[in-house]
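S.K.: Okay, here's what each chain looks like letter by letter:
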Amino acid sequence: MTDNVERAAGTPDEPMPFAELGMKQDEYDRVKEILGRRPTGSELAIYSVMWSEHCSYKSSKVHLKQFATKAPKSDALLVGMGENAGVVDIGDGWAATFKIESHNHPSYVEPHQGAATGVGGIVRDIMSMGARPIAVMDALRFGGADQNDTRRVLPGVVEGISSYGNCLGLPNIGGEVVFDPCYIGNPLVNALCVGLLRKDQIKLATAPGPGNKVVLFGASTGPDGIGGASVLASATFEDESQAKRPAVQVGDPFMEKLLIECCLELYAADVVVGIQDLGAAGVSCATTELAAKGTGGMSVDLNLVPLRDPSLRPEEILMSESQERMMAVVRPSDIPAFTAICEKWDVPATVIGEVTDTGRLVMTWDGEVIVDIPPGTAADDGPVYERPLREPAGQAALNADVPDRLDRPADLRATLLELLGSPNLASKEWVTSQYDRYVRSNTVLAQPADAGMLRVSEVMAGAEPTTRGIALATDGNGRYAKLDPYAGAQLALAEAYRNVAVTGARPLAVTNCLNFGSPEDPEVMWQFAEAVRGLADACRTLGVPVTGGNVSFYNQTGATAIHPTPVVGVLGVIDDVARRVPTGFTTEGLRVALLGETAAEFGGSEWAHVAHGHLGGLPPQADLEAERSLAAVLVSAAAEGLLEGSHDLSDGGLAVALAESCLARGVGASVSLTDDAFTGLFSESAARALVTVRPEAFDRFAKLCADHEVPCYGLGATGGASLVVEGVLEVTVAELRETHAGTLPALFG
Amino acid sequence: MSARVGIVTFPGTLDDQDAARAVRLVGAEAVPLWHADHDLKGVDAVFLPGGFSYGDYLRCGAISRFAPLMRELVPAARQGLPVLGTCNGFQILCEAHLLPGALTRNASLHYVCRDQRLKVETTATPWTNAFAAGQEIVLPIKHGEGRYVASADTLAALEANGQVVVRYLGNPNGSLNDIAGIRNEAGNVVGLMPHPEHAVEDLVGAPSTDGLGFFTSILKKLVDA
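Residue numbers (our numbering), protein chains in the order written: chain C, 442 to 1190; chain V, 6 to 230.
Chain C extracted, bound-state conformation (with noise of 0.2 angstroms):
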């Protein structure tokens, strides 16, 4: 028997299991007087999943409203923060929309799977702002390369994103695969996409027009991700018990790639008011989301949602997150336009109900209304939580611990090798091979470059042409934000905004994963508060907005939370792609340059790291300004045509960048260093890049340095078959070779 509003009024103290729900006494009581009665059981599932930490941003939103309050002026935003994906201009008349957001405790449970429908998900975001994707990247975080469940999680996540990405069509130009122990029971995946629209194209998530129709297309509901709603069905309403459900996703990418294509058919034909993606919370935080934003009011029929299993419940249907799913608000005049595109591409299509100007969404199950509600009150006025924040207690031991107590190395060679054959240094190709990079033809720059470049002017047929393109680049570092998270997440922003900067492009806006343990332990909750300052602090500096992002909170096991980890990524223009830098040594007979000072800095260093598992004292300098200098001077390096390559300096410093740079192309150099070695190729100093130039253009460089007042030094000169760091090491970049490649395929086969 089907919970109906009547019913629920007739009986007030019927229990719930809002408990079972994860939801709180006093969240329960809140919805009993918004409603002015106890809920019905798919109220309940809709409040329950809309108020849940992940769809209401409860714990976070009182911090992240900085990256509004502190936001620099830019032109170029679009669309900000609270829509599927911001949206920033990148000139003659195109924008680009992007946006990263975490799969992580699915990909735990069920790599494959959980990595697969992240990228789905991610990619609907973005199709969802009236866009066309056009490539995706993949920050991902293991446990130890050597621990037993990194060989369960890591080829499944691999393979989860290959299968899906892959079949979808889009090239996946980057990313990170980081490793450490920390990471174990608790894999990071973030996904981030990107799509390209006209300015005057944005769609957004709106349900105007009384009369309007809600349609549902694409794959039918399924009992997907529906642990929870399960619970209520099963456990309220002497239902049939229903069996355990996979709380997992499963992704079909063929039917998202139907809708991709459907969906810009339908763009194009202007039939399309309102759109939203189904995702977490599914129909619930479509109609909700929907509804709120537009006239106010809508009804559906949940009996007409198409279903993958007839068997489901109301509340079941209202919390799946069956995959491949979008909801459109279409003018009743153009329902045929509408349904035959969907007919021409296979994708089932079904008009569910229609907007109201009524205030209250309505939904009926066999003829009796079940769900009564304003639809503001799920979608936009969840409880907000300041929690209680409390400074670590060893964090001033851990910052005391500084890293000047380790032995230096006698044999900088030895160290060189070590470094690049360790696995977050190591080469990731064995990762990076299995993912399509040049589907669509238009990846100018990827994996290993530092950042991934696409040309804009051949994405959409009959669009005017452009010389731009675009430039992405995520970064994030785990243990410079366990020692300091305010630092450490403005580390991550300036090390993204570099990556996007060496290849020639302007950095724009950003976008953020953050990425930490339970919002209840006040320990935590101060790493997040810390990394949420200096990143809207650092965005303000560095004057790129934050047009979106995703919180995971909850990484943790038992009271084992994993390092801070704010990934961010920086989307940058560059005004003719013609002029993107390569990374590292192209040709011989090259001036090779160190742009940028560098001190002994050695806390949550890779070296410190691998050679002696140390972590302690405080993270590089984030020198903001210094960022901001260097950027200036190689995109304007880049648009003069000076710069034949580039490359960041970042983890394992100048030793490990000197050797990325000699695997490029498989081109050696000679360098020589003037100070103290060891600190002069493995320092991580911040706000750093190596850089190759012609010998006859070389002055003009030092010149455009100077004028930004960057330091540039001569290190030496490309060419030979050996990397030489004159009297210090020389090794051969066959050498290299080896080491760096053979680390991943000799742990995962």
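Check each hint, because a few of them may be wrong.
Said to hold, decoys possible - Covered by chain C, per the in silico footprint, the following chain V stretches (three or more residues, Cβ under 8 angstroms):
1. 14-22
2. 55-68
3. 207-213
Since the hints were derived computationally from the structure, they do not count as laboratory data. All values reported here derive from a predicted model rather than from experimental measurement. For each residue, glycine too, the CB sits at the ideal point set by N, CA and C.
Based on these hints, arrange chain V on the given structure of chain C.
M.R.: Relative to the frame of chain C, chain V by itself:
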């Protein structure tokens, strides 16, 4: 006259825009062909691009071969229409029995995307006449099921008739006889696992423009005809 090359789109085809761009780059006309139409639109040649047609469900290419368009294409190919299938297109040509053998799961059991060295074994096809026999080229490969297999008799016949069009230098997937591409006996139908359409411009795709040869070949063939 302009050479008109049809580019087929099945549900799940991915490289159709790329193929059309490559056709236009050499000065030919790219004509979109839709899987559900019984219409080849009078094209002079057909390109079956890569992707995951019908999601590769059941078996790669197994559903596509029954598409309405294929009922037009198969007899036309048997009568000499030049056809090039790459990747999923190659798989479809095998499923449709326009080419012998089959493409199975890579020996590594992993999808592989890399810039692959290849050797052009025969120029006696409308798609490879612009190359020199024995020429080494680099094209991207990107597939999970590209391991070419055939019976010993078929392999022997392919070799004896000069039907191996392109061979891998450094076998990436366990293909028998390092086979990366073959032609039918008549020579008009060619299937390749590598992707020439991703190696036609300096700015994007693979670090090679060797793919252009396949497109200049067909243009030359059609214009000379």
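S.K.: Please name the hints from earlier in the document that this structure breaks, with their numbers sorted from lowest to highest.
M.R.: none
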